[in-house]
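Q: The listed protein sequences correspond, in order, to chains A, B and C.
In our numbering, each residue's number is its place in the first sequence (first place is 1) plus 26.
In our numbering, each residue's number is its place in the second sequence (first place is 1) plus 78.
In our numbering, each residue's number is its place in the third sequence (first place is 1) plus 49.
Worth flagging that the hints you see were computed from the coordinates, not collected in a lab.
Yeah, the Cβ is synthetic: ideal placement off N, Cα and C, and Gly gets one too.
Errors might be hidden in some of the hints.
[Said to hold, decoys possible] Label-pair ranges, simulated between beta-carbon atoms:
{"id": "1", "chain 1": "A", "residue 1": "Gly95", "chain 2": "C", "residue 2": "Ala402", "range": "35 to 45 Å"}
{"id": "2", "chain 1": "A", "residue 1": "Ala215", "chain 2": "C", "residue 2": "Thr343", "range": "28 to 38 Å"}
{"id": "3", "chain 1": "A", "residue 1": "Leu67", "chain 2": "C", "residue 2": "Ala402", "range": "15 to 25 Å"}
{"id": "4", "chain 1": "C", "residue 1": "Met296", "chain 2": "B", "residue 2": "Pro128", "range": "46 to 56 Å"}
{"id": "5", "chain 1": "B", "residue 1": "Lys426", "chain 2": "C", "residue 2": "Ala402", "range": "50 to 60 Å"}
{"id": "6", "chain 1": "B", "residue 1": "Glu307", "chain 2": "C", "residue 2": "Arg309", "range": "28 to 38 Å"}
[Unchecked claim] With a cut-off of at most 35 Å between alpha-carbon atoms, the simulated DSBU-like pairs for lysine-lysine come out as follows:
{"id": "7", "chain 1": "B", "residue 1": "Lys140", "chain 2": "C", "residue 2": "Lys201"}
{"id": "8", "chain 1": "C", "residue 1": "Lys133", "chain 2": "B", "residue 2": "Lys388"}
{"id": "9", "chain 1": "B", "residue 1": "Lys193", "chain 2": "B", "residue 2": "Lys436"}
{"id": "10", "chain 1": "B", "residue 1": "Lys337", "chain 2": "B", "residue 2": "Lys193"}
{"id": "11", "chain 1": "B", "residue 1": "Lys426", "chain 2": "B", "residue 2": "Lys436"}
{"id": "12", "chain 1": "B", "residue 1": "Lys388", "chain 2": "C", "residue 2": "Lys201"}
{"id": "13", "chain 1": "B", "residue 1": "Lys248", "chain 2": "B", "residue 2": "Lys475"}
{"id": "14", "chain 1": "B", "residue 1": "Lys426", "chain 2": "B", "residue 2": "Lys140"}
{"id": "15", "chain 1": "C", "residue 1": "Lys133", "chain 2": "B", "residue 2": "Lys426"}
{"id": "16", "chain 1": "C", "residue 1": "Lys97", "chain 2": "B", "residue 2": "Lys140"}
{"id": "17", "chain 1": "B", "residue 1": "Lys193", "chain 2": "B", "residue 2": "Lys475"}
{"id": "18", "chain 1": "B", "residue 1": "Lys193", "chain 2": "C", "residue 2": "Lys201"}
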Amino acid sequence: MARSAAAKAPARHGRAHPLSLWARRTGWRHLVMLVFLVFALFPILFVVSAALNPLGTLSSSTLVPRSAGLQNFLQLLGGTHFGRWYANSLLIAMANAAATVFLSALAAYVFSRFRFAGRRLGLYGLLVIQMFPQFLAIVAIYLMFSTVSDYWPAVGFNTPWGLMLVYLGGALSINTWLMKGFFDTIPAALDESAQVDGATHAQAFFRIMLPLVTPVLAVVGLLVFIATVNEFLIASVFLRDPEAKTVAVGLYGMVADQRDANFGMFSAGTLLLAVPVLSVFWFLQRYIAEGLTSGAVKG
Amino acid sequence: MRIRSAGLLAATAALALTTACGGGGQEAADQPKGTMVIWADPERTEVLQPFAEEFGSANGIKVDVQEVAADTIQSDFVTAHEGGSGPDVLVGAHDWIGNLVQNGAIDPLQLPQEKVDALNEVAVEATTYDGQLYGVPYAMENLALIRNTELAPEAPETFEDLVETGKRLKQDGEVEEVLGLQVGQTGDPYHMQPFYTSAGGYLFGTDDQGNPDPADLGVGTPESVAAFEKIAEFGEEGEGVFKRSIDAENVASLFHQGKTAFFVTGPWSLGAVQEAGVEYDVSPVPGFAGGEEPRPFVGVQAFFVASGSKNKVLAEEFVTNYVTDPELATALYEADPRPPALTEVMEKVSKDDPAVAKFIDAGADGRPMPAIPQMDAIWDPFGKAQAAVIGGADPQKAVESAAETIREEIG
Amino acid sequence: MLGLAAAVALWAVFPLYSAGNWAGVGAVVAVTGLIFYVYLSKRAVPAKYLVPGTLFLVAFQIIPVLYTLSTSVTNYSDGHRGTKEEAVEQIEASSVQRSPDSTSYTLTVAARGSAPGGELVFLLTAPDGSAYAGDAQGLQPLPGATVTPSGKITAAPGYTVLPPSQANARSEEITGLAVPSGSGTGIRSSGFSTAYEGRSTLTYDAGCDCITDAETGRVYTADDERGAFVADNGDRLPQGWRVGVGMANFARFLTDPDIRSSFLGILTWNIAFAAGTTAMVFALGLCVALTLHTREHFTGRTAYRLLVVLPYAMPSFAMFLLWRSMFNSDFGLLNRMLGLDTDWFGEPWTARAAVLIVNIWLGFPYMFLVATGALQSIPRELVQAARIDGAGAWQAFRQVTLPLLMVAMAPILVATFAFNFNNFNAVWLTTEGGPFPTDNPMAGATDLLITYTYRLAFGASGAQYGYAAALSVFIFLIVTVMSVVSLRRSASLEEVHR
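Extracted from the complex, chain A is given alone in its bound form (with noise of 0.2 Å):
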C-alpha cells in the first residue's frame, strides 16, 4: 500500500525538471529541517564543549575550549559510581515506562470503550490532580516513605522499587488521554465484533486493540522513558546511597553546589545520558511511524 502510493505521486509530475522536482517534494522539507536542527542543536554544542574542556566550566562565550581531552569522561567513569548509577536509571526507566504503558493503556481502554458512572469525573480528575503545584507534596511523599522504610525495607529508600511506585502513582495522568484520544480513533466495529464473535473484553483489548495502538503506546513509553531518565526531584530524596543513586541525582550533586560546580563531568555524563534515549527512541520511531500503515484499520 505505501509503496503504490509512493509510485503512483510522481506520475502527476511526470514533466518537471529532476532538481526542482526534488525541491518540490523533498528539498523543502530538507531546508526547513535544518532550521530547526540549528536552533535544536547549537545550545547541545556547548555540552559537547564543556564535556571536553578539562576546566570543567561553563564558558558559554566561545564554542572551542581553548584545550580540550577526554578526562571528565575518564574521570566519571573512573572517579564515581557512573557505572551503577547507569544501570540504575536503565532499569528504573525502562520499568517505569513498560508498567506505565500498561496502567494507562488499560485505564485508556475503558474511558474510550464503556460508558459507567464516573466517567466523566475519572477523566477531568486525571488532568485536574496534575496541576496540583508539585513542590510540597515530595515533603508529604517523603514523610509517607518514612514510615514505609520502617516497615518494608525492600521498597524504602535507597531502593529502586519504593521510587517506582512513587512513579507510578503517576501512570494515570495525561499519557492516558493521549492514549484515549488514540483509542477513539479505531473504529468501534473492530473490537465490538470480536466480542460477538465469542471473544471476552480483554481478549478483544490484548488482542484486537493493543496492536493496534502500538505508535501511541511507543510515543507514551518514550515519553515515560525521557521523562523518568531526567527525573532528580522526587529521586534524590529517595536515593542516598552512592550506589542506588541514578544518574540524574548523581549528576545533579555535581553542579548543585556552585562553589564546585564540575559542569565538565555534568556535561560528560549529559551526553553519555542522551545515548540511552536515543537508542530507546531508535528503537521505537519504527512503531511510532509504521503503526498504522500496517493495513488492519484500513479493513
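Following the hints, put chains B and C in place on chain A, whose structure we already have.
A: Same frame as chain A, now just chains B and C:
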C-alpha cells in the same frame, strides 16, 4: 478450586519474597545492630569514607557516608528528621544551626575544655548558639583576593589601587574586566560583604553577649545607604567594576583565561586555579581608601549529631572524640584543602602551604556568618538591592525597600 | 493476578502485624478485599481495568495532595514541625549545660552482673585516677578496677564492660542516664568514652504547662495558639510545635496589600507565558512533525527525528543554566554572535522573551513526538480524498487534518498549558523571576504565581509549609478552572460526554 490455587500462589510468592529479603537479614544479624549513617555533600563524601570505615571497624559497627546534593542537604535533613529517617551525623555549615535548633534536629555537644581550647576561637564562636556548642568545627573558609601575578605583581593596598591597576590593564588590552566578583542578576551578599562592611554597613548589631541581635537591623540605616552609595560608585553606571553580568558560572573562567587579573573568592577555588596554570598569589580583600576594615563572612564546616539518631552513643563518640583528632583533621585537609579549625593543624599546614596561610590571614578580621534564623530573611531582598544599585538604581530607594521587606519577614 | 495481590498483601501485613499497627493491617485487608471483589465479580468491567492504575494514583498522588491540603490550616513551618511532646523533649535535652570548672571523666559503659543485658552502669575515672561506678542512685567508689594508663577502665569485678557496638544498641538508655552528683547536677555521657557533669537548665512542668529556666528563673508558658513557649516579656523558645491556625494562612494571603498590588500583573503574565509557550511549542512541534510526515522516501528522516528530539533528551535543569549564561549581556553567546548589546535579563520585556525562547526550545520536541503519534491516527485516505476533491494542501490540512488532530491533541495542549502555568524551573533557574522593580524585591517581571508564592513561603524565615499549602490551593483553583473551561470548549468535549 480457584481460590485454593490463588492461595497456593500467594504462599509461594510470599515465601519467595521472604527468602529474597532473608539474604539481607542474615547479613544484618552478623553485624551488631544498626548502621551509623553520615550525611555530607558530594565534595566531602569521598574524603570521609575511609575515616568513617576505620571508625566503624574499630567499634564493630557499619558506618555509611551518604552524599546529598549541597543545595538541599539542610532542608532534606530537617524533613528526614521529622520523618524519623534521618542520618546520625550531619556534616554542614555553621549558619544552619539556628534553623536546625528551632526544628529540634540537632543536639548540643559537650566537649571537654581542653578540646575546645585546641580549636580556633572564631570557629568555636560560629558553632556556639545560644550559649551551647552545637557542632564540632573542622574547617573554615572566607573570601580573599586571588590575583594573577603576571598581570598584577603587587597586592593592592586599597580597593582604589586595585581599580587603578585593573583599569590600566584593561586599557592596555591585557584583560577584559577590572575585577572578577560574582554578582549576578539577583546579587550576592556573601561576596559583597567585605565591600559592604568596608563602606561602613552592617547586617545585624550585636547584643551584650556578642551574639547577632535581630532587633538591631543594619539594613536601612544611614550607614547602609552610605555603603550602597559607595558600591554604586563602582557599579555599571560608575566605574564599571562591579557588574551584574559577572556571576557564579562565569567568574572563575574569566580568571582562568586571564581575562581579569583579580578574583574575589574562597579557598574552594584554589584547586581549579592551580589546574588552569595561572601564576597567582593570595591577599586579603582590599577595603576602600579611608574606609573601615573589610570583614568577610567566615564560614565554618562542622559535624553535627542528629537528635533523632538511633545510634547516638556512637554518633557522639564520633563527633566529640574522633573528629577532634589532629590526624583526621590533617587528612581531611590533605583531601580538601581548606583552613583547618584545629589550631595545631592550621599552624602546621600554614607552614607547608603559603596560599592557605594567606587565606587564614585574609579572614583574620572576618566575622562568622550569623546563624540566627532571621538571617534567612536578609539574603534575597538584600542581594536584589545590591544588584539594583550596581545596575544604576537609586541607593536610598533600593536599601529602603529591601529593609522594609526584611522587617516584614522578621516581624 | 489475584495470587500476586494476595502474596503482596501477605508480605505487607507481616511487619504491620508484628508492630501491632492495626490501622495499617486494616488498610491492607481493605485494599486486598477490594481487589478480590473487583476481579471475582462478573460485573464492574471498567473497574477491572482501572483499579491497578488508580491504586497507585490514590496512594502517591491523591494522598500527598490531601496531606498538603490538611497542612494549609496549620502553622506547619520551620520551628513548628513536630508535636508539643517532641518540642518539650528537645528543649529539655538541649538545655543541659556543663557545670563550669567541673570534672571530666573517662567513661566506660558497663552492665551490672555478668550478662551484657544487666542494669546500665557508668564506670568513671576522674582525672586523678580514682575510679567510680555510677547509676541512677549515685556515685560509688569502685575498688579493684583494671585501668589502662590512659585512664580507661577495661574490667571491674561485678560488672560486664560493654563493647561499643553493644553500648550503642542501648543508646537511648545511655543518653537518658544522669548519675546524680549533687545539687541538681548529673554526670552524663558524651559518646562512650567521656562523661561530664552538667545540669538541665530548662524543665517542663505539666501542672502549669510551662517551662522554667533554673538559672534566670524566667517562666515560659505554652501558647497553644502559636505553638511556642513564650515568656512574659515576649521572648520565646526557638523550638515550637505544630498547631491548627484555621483560615489564618488564607487570610494572610488575601489581606496582604503587597500581594494584592502585584497579583493581577503576575497572573496576566503567567497566563500569557503558559498560553504563549503552548501555542509556540504546538506550532513548532507540529511543523516539524508535518515536515517529516510523508510517505515518500525521505533520506535522513530517522536522523532528523533523533536530532530534533535531543533537546528533550537533555536534563532540563542543566539546559536552563546553560541558556542563562547564553543570555548574559556581556559574555553571553547570543549578544556576541548577533552583535547585540541587549541586557536580556535587565529589562522586563527582553527577560520575558528570553524565558519564552528557552521554554520553547525545551518543549517543542515533546510536541513533535506527540504530534507525530497523533498524525498516524489520521487515515490518509481522508486527506487524499480531500485533495482529489480539489482542495489545496493547506485547505486539506486546515479542514481535514487539523480538526482530527485536535481531537487527540486538545487534552495534551491543556495539559501543556497547565504544566507551564506551574513551570517553576523555567523561571527560577533562568531569571529567578527578575528583573525586579527597585521598590519591590518580592515581585519580578517574569514571576509566575508559583515562583512568586515560593518566594513568599520559602524565600525568607525558613520554610513555611502551611502558608505554602494555602497558596498552592489558590493556584490550583485558578489553573483548574481555566483548564477545565478551555477543555470543555475544545473539540474533545463530545468525546468525553459521548
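Q: A separate judgement is required for each hint: does it hold in the structure or not?
A: Tested hints:
1. Gly95(A) <-> Ala402(C): 35 to 45 Å: Since Gly95(A) and Ala402(C) have Cβ atoms about 37 Å apart, the given range 35 to 45 Å holds.
2. Ala215(A) <-> Thr343(C): 28 to 38 Å: holds, 30 Å
3. Leu67(A) <-> Ala402(C): 15 to 25 Å: holds, 21 Å
4. Met296(C) <-> Pro128(B): 46 to 56 Å: holds, 55 Å
5. Lys426(B) <-> Ala402(C): 50 to 60 Å: holds, 56 Å
6. Glu307(B) <-> Arg309(C): 28 to 38 Å: holds, 33 Å
7. Lys140(B) <-> Lys201(C): holds, 24 Å
8. Lys133(C) <-> Lys388(B): Judged against 35 Å, a Cα distance of about 21 Å means the pair holds.
9. Lys193(B) <-> Lys436(B): The hint holds at about 25 Å.
10. Lys337(B) <-> Lys193(B): Given pair Lys337(B), Lys193(B) is violated - Cα atoms ~46 Å apart, limit 35 Å.
11. Lys426(B) <-> Lys436(B): holds, 14 Å
12. Lys388(B) <-> Lys201(C): holds, 25 Å
13. Lys248(B) <-> Lys475(B): holds, 32 Å
14. Lys426(B) <-> Lys140(B): Holds, at roughly 32 Å.
15. Lys133(C) <-> Lys426(B): Given pair Lys133(C), Lys426(B) is violated - Cα atoms ~48 Å apart, limit 35 Å.
16. Lys97(C) <-> Lys140(B): It is violated: about 46 Å lies between the C-alpha atoms, which goes past 35 Å.
17. Lys193(B) <-> Lys475(B): At roughly 49 Å apart (the allowed maximum being 35 Å), Lys475(B) and Lys193(B) break the hint.
18. Lys193(B) <-> Lys201(C): holds, 18 Å
Violation of the numbered hints given earlier is confined to hints 10, 15, 16, 17; the remaining hints are satisfied by the structure.
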